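Colleague: Using the hints, position chains D and R against chain A.
Chains as they are written, first to last, in this note's numbering: chain A, 2 to 320; chain D, 38 to 336; chain R, 1234 to 1633.
Bear in mind the hints are in silico, worked out from the structure with no lab data behind them. Heads up, none of these hints are tricks.
Partner residues aside, some chain R positions facing chain D, computed with beta carbon under 10 Å: (1) R1286; (2) S1288; (3) Q1450; (4) T1463; (5) R1487.
Since the structure is predicted, the reported quantities are computational estimates derived from the model, not experimental observations. The C-beta atom is built at its ideal place from N, Cα and C for all residues, glycine as well.
Listed below, chain by chain, are the residues.
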Amino acid sequence: MLKIQKLHIGIFAFFIISFPFVISRIPALGNYTNIMVFAGIYTIITIGLSLFIGYAGQISLGHAAFFGIGAYTSGILTARFGINPWMCLIIGIFIVSVIAFLVGAPSLKLKGHYLAMATLAFGIIVYIIFNQELEYTGGPDGMTGIPGLSLFALKLNSVEKYYFFVWGIVFAAFLFTINLIQSRTGRALRAIHASEAAASAMGINVPRFKLIVFIYSAILASLAGSLYAHYINFINPSSFDLFFAIKLLIMIALGGMHSIWGAIVGAVLITFLNYEWLHFFKEFEVIIYGAILLLVTIFLPDGLVGIPGIIKKFVKRKL
Amino acid sequence: MDGASTSQILQYLITGITIGSIYAMVAIGFNIIYNVTDIINFAQGEFVMLGGMSMVLFHVILGIPIIIAFLFTIILVTLVGLIVDRFAIRPIRQPSVLTLIIATIAVSILLKGIAMFAWGKDPLDLPAFSGRTPIQLFGAVIQPQYLWVIGLLVVTVLILTFFFEKTIIGKAMRACADNPDAASLVGINVKKMIMLSFSLSAGIGAIAGIVITPISLMEYDRGAMLAIKGFSAVILGGLGSFPGAIVGGLLIGIIESLGAGLISSGYKDAFALIVLLGVLFFKPSGLLGNIEISKIKRF
Amino acid sequence: MMKKVSKKPIVKAIVVISVILLCGIFMFSCTSKKVDEKAEVYKVGAVFSVTGRASFLGDPEKKTAELIVEKINADGGINGHKLELIVYDTEGDATKCNLAVKKLINQDKVSAVIGPSISGNSMAVVPVAEETETPLVSCAASYKIVFNEETGKPYKWVFKTPQSDSMAVEAIYTNLKKNGITKIAIMSVTSGFGASGRGELLKYASEYGLTILADEQYGPKDTDITVQLTKIKGKAPEAIVNWSIGPTQVLVLRNRSDLGMNDIPFYQSHGFGSRKNIEQAAGTAEGVYCPLGACNIAELLPDSHPQKKVTMKYMEEYKAKYNEGLSSFGGHAWDALYIVAAALEAVGNDKAKIRDYIENIKGYVGQHGVFNFSPDDHNGLTKEAFNMVVVKDDDWALVE
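Extracted from the complex, chain A is given alone in its bound form (with noise of 0.2 Å):
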């Protein structure tokens, strides 16, 4: 890894670490740190939706399915059958490995647009079996009774406890994208970005790599998926819409799609916007959302990550 790349992941990690402290210096912030284990939770997922998006070029509108999928197979394994949750979490994660190589397959082989109503499809469809299968999933109103998560005997149950928790999967799950990215499927990937034709004839197995990306990108959903089932200790179908699939695509949009960190910021400024910023503006919030989306494609086009290059081109022009 190099120098200064290891000193802005410190920088990063010590952000993390003393957020929690500092908020709770402040009163009028005192549900930030939640927000940010909300916040964690969906950076989770589009750590890895970036990777599939942002370095090989595809789309899902499928991953609010895989979410979906693993939090309620920790749901119901938890609360229905009295089972580890740990165990749930692992369970989970190889459900969806199973259902993501059977979507991915045939899948993958579409382009463009044809792929995203391919997993538009695959999301909405699990959306209504979330819906219709009452006797499991409890239907529409969604299901109570999922316990907590314990770290052997530390119970995971205050906010810090579990912001911290989450936080740390999230930069297990950032280091490893980016020695991923860094390694040779990175580069394979970038080069199918770039061209699927040229990397293939330059040998590189397209379909594999993309089917790659795919499951280990669903993979974290899962995993996320049972981090919030467990947090919430409650799940419905509503939290794993269509919305919610393309709530995690503007994440990626507007921090930056073509960077890891950009994953991070718009995970991150998007969960506050949506959950405390935008109240301030009462019934104006949906205006505002959407004008402020617009305006950040506009002006931003490399997404939020973009604008220290921007300010910088500015500096220089000055002097």
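Modeller: Chains D and R alone, transformed into the frame defined by chain A:
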């Protein structure tokens, strides 16, 4: 599966074709923009919503006669389409497909929010064009408004065919669709064509909205559902293909309707999507789509 | 190449995050200035789905709650204490709702929370209320909100004011039985409201000697329900019960009329309780039955009815302030907020005492019934809270 009588199946088909016609109209709107710009405009459903809501405003609230209200509505929504292109799509400097999709999603959120303010949250009603006395046909019934839906789809298709085949502007738009660079070399103003494509598909969306409102009522947040159905129709039929849009729309309407009637109404939305996935796995470019078109554009 | 990819964005990300944080701090300091000054203000939190899918619930609830607070403060507050209502919009999103309730409790330090509007959201915050030991009076219908299926007892800190769906179902089924009907078809929308009603309809059918011939569903945004009705028509039921909300319950009536099924008695859920629906059904609602709470039909009630006075008052005040007809859902917020206010008046700002007080409320006359809470019943209503109503000449009429 329950045994169903012929008149029941006829009824399912009639309803399916009517709903399918609306999906087809939304799908045509998608295709017009897609062909010129490669953009899937996720705000297409909002054009339909605005069509219905504006018609209610002009005809019911302001009491303008139906024909004039119809024209006003189409003009208004066409203008909205024009504004969307001018202020949301054209300013994007480095358009990648994902950026453009996000931009159209942003537009749809905005339009939805504005409609909520303008018309409130409750569903609005529009009187049926020729009354609500149903027509009997071999034990099935047809609402007169169904005929309007199907009729307006046919008229729209005929006018569009004439426009694209016989008029200079239509031919210029087709040229942009085939190859924008070559089109601009021969002096076609591609930017104007894009703007025109947005206006045109907004206008068609408005027609769909006007004609469906007497059947289904209309409220500010109905656009998303219509956009999803229309998008499914586009993909099923094949991106960019007008006959495909019609076939796709009608098929999805009929599958939903038969699926609900003969198998399970709870899962009816899933049936059309399962069929769609099946088609895509065997024919990745949709039923009538061109394999070359399906290859372009990464995200 | 590789160096290029991973170099600059990191600095950017940090700058961006700091900017975001600063913005957040700034915004926050704007919004919550007023909080700390006066110590003796009673604070009640509210979470409603003011916008989004369930805005037909949250919108009138918020309006009603704000109306009441205005009223109480104009009359000198609660024992001289000003009542402050902090409302957050959940948009029907469970995560958002969970966050909002936690914020109300931990940061805004409210004495009690009213809402959420929908069952799915309420169930998402039951664990929060239990854990933080804060009284929560939900405005959503499902019995699961106040009933812990594991222990077989109500959740300690959670109450609800709307009648349970089972009560509406029993009211309808009682009426069906009285009319000698045994074969019915049911229809429901695939949202939380419809699914919950469907569950109760299926559960209670055998108890009332009813056979369900068809069980059809449709989506909340469906454009046409002819297919489901055609299928039902083929089964020739003696009555149809429909459970939905929003435009579909109007569509279902129109399509039924198109299909010439007007001679089959039709029952709507209590979700039909707004005159707007009758208006939009354009004549096709004639003869439709539905169970309604007293506040929908205040004018029809005899003067001797215990709820006559409160429901008339609410109706007039709501109309005077918002110039629109009231929806029965606002009444749930009326009940919830006044119950909390009564508790505050009696025991002051003490969460545990408020809870105990509510649990022991007896004979409280509200918009949707006379509430009798007890340690075993955190809803306090019976199926008598519903009155069977029929649409007659485009208006409601009581069924004897």
